[in-house]
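Peer 1: Just so you know, the sequences run in chain order A and B.
Reminder that position 444 of the first sequence reads as 454 in our numbering, one-by-one numbering, no gaps.
Reminder that position 335 of the second sequence reads as 336 in our numbering, one-by-one numbering, no gaps.
Be aware that a few hints might be false.
Unchecked claim - Once the Cα atoms are required to be at most 25 Å apart in a straight line, the calculated BS3-like pairs of lysine-lysine come out as:
{"#": "1", "chain 1": "B", "residue 1": "Lys148", "chain 2": "B", "residue 2": "Lys44"}
{"#": "2", "chain 1": "A", "residue 1": "Lys394", "chain 2": "A", "residue 2": "Lys219"}
{"#": "3", "chain 1": "A", "residue 1": "Lys125", "chain 2": "B", "residue 2": "Lys81"}
{"#": "4", "chain 1": "B", "residue 1": "Lys391", "chain 2": "B", "residue 2": "Lys239"}
{"#": "5", "chain 1": "A", "residue 1": "Lys70", "chain 2": "B", "residue 2": "Lys219"}
{"#": "6", "chain 1": "A", "residue 1": "Lys201", "chain 2": "A", "residue 2": "Lys25"}
{"#": "7", "chain 1": "B", "residue 1": "Lys91", "chain 2": "A", "residue 2": "Lys125"}
{"#": "8", "chain 1": "A", "residue 1": "Lys125", "chain 2": "B", "residue 2": "Lys84"}
{"#": "9", "chain 1": "A", "residue 1": "Lys434", "chain 2": "A", "residue 2": "Lys399"}
{"#": "10", "chain 1": "A", "residue 1": "Lys266", "chain 2": "A", "residue 2": "Lys219"}
{"#": "11", "chain 1": "A", "residue 1": "Lys84", "chain 2": "B", "residue 2": "Lys81"}
{"#": "12", "chain 1": "B", "residue 1": "Lys134", "chain 2": "A", "residue 2": "Lys268"}
{"#": "13", "chain 1": "A", "residue 1": "Lys268", "chain 2": "B", "residue 2": "Lys112"}
{"#": "14", "chain 1": "A", "residue 1": "Lys116", "chain 2": "A", "residue 2": "Lys169"}
{"#": "15", "chain 1": "B", "residue 1": "Lys134", "chain 2": "A", "residue 2": "Lys70"}
{"#": "16", "chain 1": "B", "residue 1": "Lys145", "chain 2": "A", "residue 2": "Lys266"}
{"#": "17", "chain 1": "B", "residue 1": "Lys219", "chain 2": "B", "residue 2": "Lys81"}
{"#": "18", "chain 1": "A", "residue 1": "Lys84", "chain 2": "B", "residue 2": "Lys129"}
{"#": "19", "chain 1": "B", "residue 1": "Lys129", "chain 2": "A", "residue 2": "Lys266"}
{"#": "20", "chain 1": "B", "residue 1": "Lys219", "chain 2": "A", "residue 2": "Lys219"}
{"#": "21", "chain 1": "A", "residue 1": "Lys266", "chain 2": "B", "residue 2": "Lys44"}
{"#": "22", "chain 1": "B", "residue 1": "Lys282", "chain 2": "A", "residue 2": "Lys92"}
{"#": "23", "chain 1": "A", "residue 1": "Lys70", "chain 2": "B", "residue 2": "Lys391"}
Said to hold, decoys possible - Simulated DEER-style distance windows between Cβ atoms:
{"#": "24", "chain 1": "A", "residue 1": "Cys358", "chain 2": "B", "residue 2": "Ser24", "range": "56 to 62 Å"}
{"#": "25", "chain 1": "A", "residue 1": "Glu14", "chain 2": "B", "residue 2": "Lys219", "range": "47 to 53 Å"}
{"#": "26", "chain 1": "A", "residue 1": "Glu228", "chain 2": "B", "residue 2": "His98", "range": "41 to 47 Å"}
{"#": "27", "chain 1": "A", "residue 1": "Glu13", "chain 2": "B", "residue 2": "Thr8", "range": "45 to 51 Å"}
{"#": "28", "chain 1": "B", "residue 1": "Lys91", "chain 2": "A", "residue 2": "Gly148", "range": "17 to 23 Å"}
{"#": "29", "chain 1": "B", "residue 1": "Asp16", "chain 2": "A", "residue 2": "Thr63", "range": "26 to 32 Å"}
{"#": "30", "chain 1": "B", "residue 1": "Asp201", "chain 2": "A", "residue 2": "Gly170", "range": "55 to 61 Å"}
Simulated from the structure, these hints should not be mistaken for laboratory data.
Yeah, the Cβ is synthetic: ideal placement off N, Cα and C, and Gly gets one too.
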Amino acid sequence: MREEALDLANYVVEKGRRLGFDEVASIVRISRRVMVKFANNEITVVQNWMDTTIALYLVKEAKCVLTRLVCRTKNDIDRALKNVYDHMAHVEPSALYAPLPEPNGKTLEGLTDPKLVQSLGTTIEVVPQLIDEGLREGAQRLAGTFHAGHRIKALVTSKGAELSEEGTFIEVYARAFYEDNSGHWAWTSTKFNDDRVLEVGRKAASYSKIRLPVTRIEPGRYNAILSPLVVGNLMSYVARAASALATMLGLSMFTKYKPGTKIGSEIISIIDEPRDPLLPNSTGFDDEGIETRTKYIIRKGIFESYLHNTKTATRMRGQLTGNAGWLQPHPWNVVVEPGDIDEDDIFCEVGEGIFVLNNWYTRYQNIVEGQFSTVSRDVVLYVKGGEPKSIIRRVRIAEVFPNLLNNIVGLTKTKYDIAWWEVKPPVRVPFVIAKNVLFTRPEV
Amino acid sequence: MGACMFTDLLEYAVDLAGRLGASYAEARYHVNRSSQILVRFDKVIGVSLGSVNGIGIRVLYDGVLAFSATNDLTPDGIKKAVKQAITQAKLLSNTIHEARGLVEAKVGRVKYEGVAKKSFDSMALEDKLSLLKELWKRASDVVKEGKLTAFTVIYDEGEEVKEIVSSDGAYVASRIVRPSLSINFVLSHPQRGTIQRSVDFGASGGLELLGEWEPEGKIEEEVRAAERVLMYGVRPPKEPVEVVIGSEIIGLMVHESAGHPMEADRIWGREAAQAGESYVKPDMIGKERIGNELATVIDDPTIPGSYGFYLYDDEGVPARPRYIYLRGLINEPLHNRWTAYVFRAKSNASARAMNYASEPIPRMANTYLEPGDAEFEELIEDIGLGVYIKSYMEWNIDDIRWGQRYVGLEAYMIKRGELTEPVRNPVLELTTRTFYSSIIAKDKDLKFYPGLCGKGEPSQGVPVWFGGPDVKLSRVKLGVAPR
Chain A
11 MREEALDLAN YVVEKGRRLG FDEVASIVRI SRRVMVKFAN NEITVVQNWM DTTIALYLVK
71 EAKCVLTRLV CRTKNDIDRA LKNVYDHMAH VEPSALYAPL PEPNGKTLEG LTDPKLVQSL
131 GTTIEVVPQL IDEGLREGAQ RLAGTFHAGH RIKALVTSKG AELSEEGTFI EVYARAFYED
191 NSGHWAWTST KFNDDRVLEV GRKAASYSKI RLPVTRIEPG RYNAILSPLV VGNLMSYVAR
251 AASALATMLG LSMFTKYKPG TKIGSEIISI IDEPRDPLLP NSTGFDDEGI ETRTKYIIRK
311 GIFESYLHNT KTATRMRGQL TGNAGWLQPH PWNVVVEPGD IDEDDIFCEV GEGIFVLNNW
371 YTRYQNIVEG QFSTVSRDVV LYVKGGEPKS IIRRVRIAEV FPNLLNNIVG LTKTKYDIAW
431 WEVKPPVRVP FVIAKNVLFT RPEV
Chain B
2 MGACMFTDLL EYAVDLAGRL GASYAEARYH VNRSSQILVR FDKVIGVSLG SVNGIGIRVL
62 YDGVLAFSAT NDLTPDGIKK AVKQAITQAK LLSNTIHEAR GLVEAKVGRV KYEGVAKKSF
122 DSMALEDKLS LLKELWKRAS DVVKEGKLTA FTVIYDEGEE VKEIVSSDGA YVASRIVRPS
182 LSINFVLSHP QRGTIQRSVD FGASGGLELL GEWEPEGKIE EEVRAAERVL MYGVRPPKEP
242 VEVVIGSEII GLMVHESAGH PMEADRIWGR EAAQAGESYV KPDMIGKERI GNELATVIDD
302 PTIPGSYGFY LYDDEGVPAR PRYIYLRGLI NEPLHNRWTA YVFRAKSNAS ARAMNYASEP
362 IPRMANTYLE PGDAEFEELI EDIGLGVYIK SYMEWNIDDI RWGQRYVGLE AYMIKRGELT
422 EPVRNPVLEL TTRTFYSSII AKDKDLKFYP GLCGKGEPSQ GVPVWFGGPD VKLSRVKLGV
482 APR
């Protein structure tokens with residue numbers, strides 16, 4: 011399939027150059043994916059996808075057009091190129107145009123699990139086992155998703171990049187219910203592992219079966235223990251905000267903070283990690299053919315690096331970081347460096363505070379200030395005297411990201427690889443303790 | 002229909018699935034085309050064209066629902082996709098505790114198109130770019146004390162073409178075009194900080210909508226209002242006060258707290274691990290009240306020119322208005338044929354799929370609070386001290402659609418029946434029951450707003466309208482967002 015993908019990408023570039031485009035790049039992705047959804051302990055649907063997508067980047071006289079096609083024939087490509095060429099006469103030069111770079115990227119190996127290539131269809135047999143595992147652990151019902159696939163990526167550019175890469179992925183998450191209580195857990199990897207899949211059901215169930223009295227809190231500031239699910243969600247927002255285009259558009263909190271500025275406490279470090287063989291978005295080259303590299307976005311509380319493509323690096327006089335997107339640079343996988351706290355001691359470390367297992371619906375009031383709120387879901391625990399004392403239902407964290415980052419006072423040694431509906435791209439993150447976090451709840 | 006159809010291939014897929022043992026099969030050719038321009042201030046940043054097309058096939062085999070999607074539009078490609086769906090359904094069929102089905106429904110055999118008076122190519126690209134650049138000029142001209150530090154415009158022309166064939170006789174071919182325009186700006190002041198606003202337009206129709214929307218005038222109003230709030234905004238009152246909520250927020254509120262919790266798949270739990278469940282339990286339907294007599298919420302896919310317009314759903318069922326909440330009663334959930342089977346109900350044509358690679362699930366179309374008969378002035382005339390919250394930026398709601406939060410963007414104090422100084426970042430945080438039980442009065446001005454509603458796994462974003470009138474609520478305690 012790699013040859014097929016490279017062949018199509020080469021065809022785009024050759025044909026595009028013949029038509030008269032100054033620069034052409036093409037990324038062809040061929041994928042096979044399977045997903046099983048389950049709810050109320052039942053399989054609700056099994057879904058399969060077999061797709062070829064072709065993305066085209068076409069430039070003439072500094073006018074840039076991006077095209078994404080879900081197609082696989084050369085006829086479709088010919089039509090698309092002709093359509094763009096006809097369009098070109100009316101398009102203006104891009105204010106951000108910069109020539110494609112000389113490629114230096116190389117294929118990253120070790121991203122593939124043979125089981126997911128050869129037996130993708132039968133891996134779904136683990137799903138009923140996951141449900142059983144959660145029920146055995148004490149949950150009454152489970153819902154969730156198993157998603158796995160095999161994908162090929164080929165990049166060809168008119169600057170000479172001719173690269174292809176192969177990878178597999180698995181993303182599993184489960185939500186377990188016991189009466190009015192629920193727990194959630196998730197796991198992601200490039201490699202299939204039965205035990206880790208079952209652990210998702212087990213951990214979700216273990217949170218669901220916590221039995222404590224239900225109490226309410228007054229809105230106000232509390233110490234917070236944020237699980238990896240929450241940390242993954244929130245720190246992904248921070249990492250995406252480092253996209254240089256977002257800062258140039260004025261749509262990022264990093265618009266206000268230049269590299270070298272202290273933006274968090276000295277124990278928080280956030281890394282863009284494209285080269286870890288277990289994290290599913292890892293890749294050896296970005297969309298411009300530049301070699302990816304591991305980099306700190308925030309190191310020990312100091313904002314260190316924007317994420318660049320050639321356009322933004324040229325405009326901002328920065329160095330390429332291997333994060334292209336032809337238009338929008340983006341993080342690959344987000345890693346938060348662990349700390350020195352034992353996970354078992356985390357409640358003791360806090361003494362009094364609120365443990366949030368999971369969150370969703372993070373929304374900005376003001377993206378430049380990083381002013382947001384997010385809603386808890388699943389179990390929330392009120393901790394006092396170093397022990398969980400009660401369950402609190404559905405509170406909100408309403409904060410400003412720089413405040414939250416500055417108030418981080420602890421991280422666990424253990425870290426988890428997670429991706430799910432509310433956490434994308436994949437993350438590797440620990441539990442985090444933050445002080446003075448604002449919690450709110452609805453007026454009844 | 003203006004696009005090649007794939008009837009033979011779709012019929013082949015349905016027939017093959019039947020021969021392989023499926024008790025139900027449906028095949029949908031689905032193409033989404035998009036042409037998008039991104040402008041920053043008055044400079045073009047990029048143009049993108051997209052075309053996502055393929056065939057999605059759904060089968061019911063031995064009680065297991067299986068879905069396969071491919072863009073290999075050859076008989077071989079379709080055969081592989083159908084076989085894959087059947088094979089995997091077989092693999093899991095022995096784990097099914099209770100076989101599910103799709104409820105029988107009267108399905109359509111029809112072709113239809115949304116009305117577009119002026120086609121997308123009736124205006125030269127240069128003229129479209131001029132219009133988008135004019136927005137920056139008009140916005141920057143009205144700023145007096147602050148500075149527009151960010152101003153981005155995304156203009157999109159979308160086309161959605163579908164052809165659906167099912168084993169129980171449905172044939173529905175449709176074409177709908179939708180332009181949309183989204184403007185995002187940040188206004189800054191050295192002492193007063195920043196304020197951010199998004200203004201969105203979207204509907205089904207053609208380029209005649211650009212004239213109807215008058216985005217140049219609207220952006221002037223929005224920038225002026227944001228600057229007033231930035232420069233002169235005060236904190237909201239600390240004590241509970243009467244609040245008038247603008248139609249923009251009301252639309253969002255009914256979408257979030259009436260439409261979503263009344264999606265039958267959520268009520269059953271099918272979305273439990275993703276978009277969540279619902280405070281509504283099956284035994285509440287038609288029996289329990291969530292609000293007062295003024296709380297009637299309707300979802301109607303058939304509104305001509307609406308962003309969520311359709312006449313037949315993606316299972317071939319003819320669309321009609323659904324009275325979700327009826328005078329405060331939890332009344333009619335949104336069903337596709339799968340949930341209708343589970344609930345022993347009838348489908349009310351809520352099945353929508355984002356694209357060929359998505360399964361059809363219960364979705365909203367155009368959701369709104371039924372308007373009243375008052376004038377806006379009548380809503381505020383007897384308020385001694387209150388707040389009018391006209392627009393919002395931040396919002397969210399919990400996963401059972403009960404506790405919700407909206408942070409006002411353009412807002413004003415109401416004093417002795419008059420709108421007075423602007424209010425900055427007032428927070429309305431309340432429960433679904435509190436909202437629908439606190440409606441005192443509604444004006445008669447029904448307005449709609451566009452949105453892309455997200456749900457499902459993989460996540461599906463479908464175009465919707467949400468709307469309503471301006472609404473007066475009884476006393477509420479407002480918060481203020483942290484800075």
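Peer 1: When the hints from earlier in the document are held up against this structure, which numbers fail?
Peer 2: 5, 6, 9, 10, 12, 13, 17, 18, 19, 20, 22, 23, 27, 28, 30
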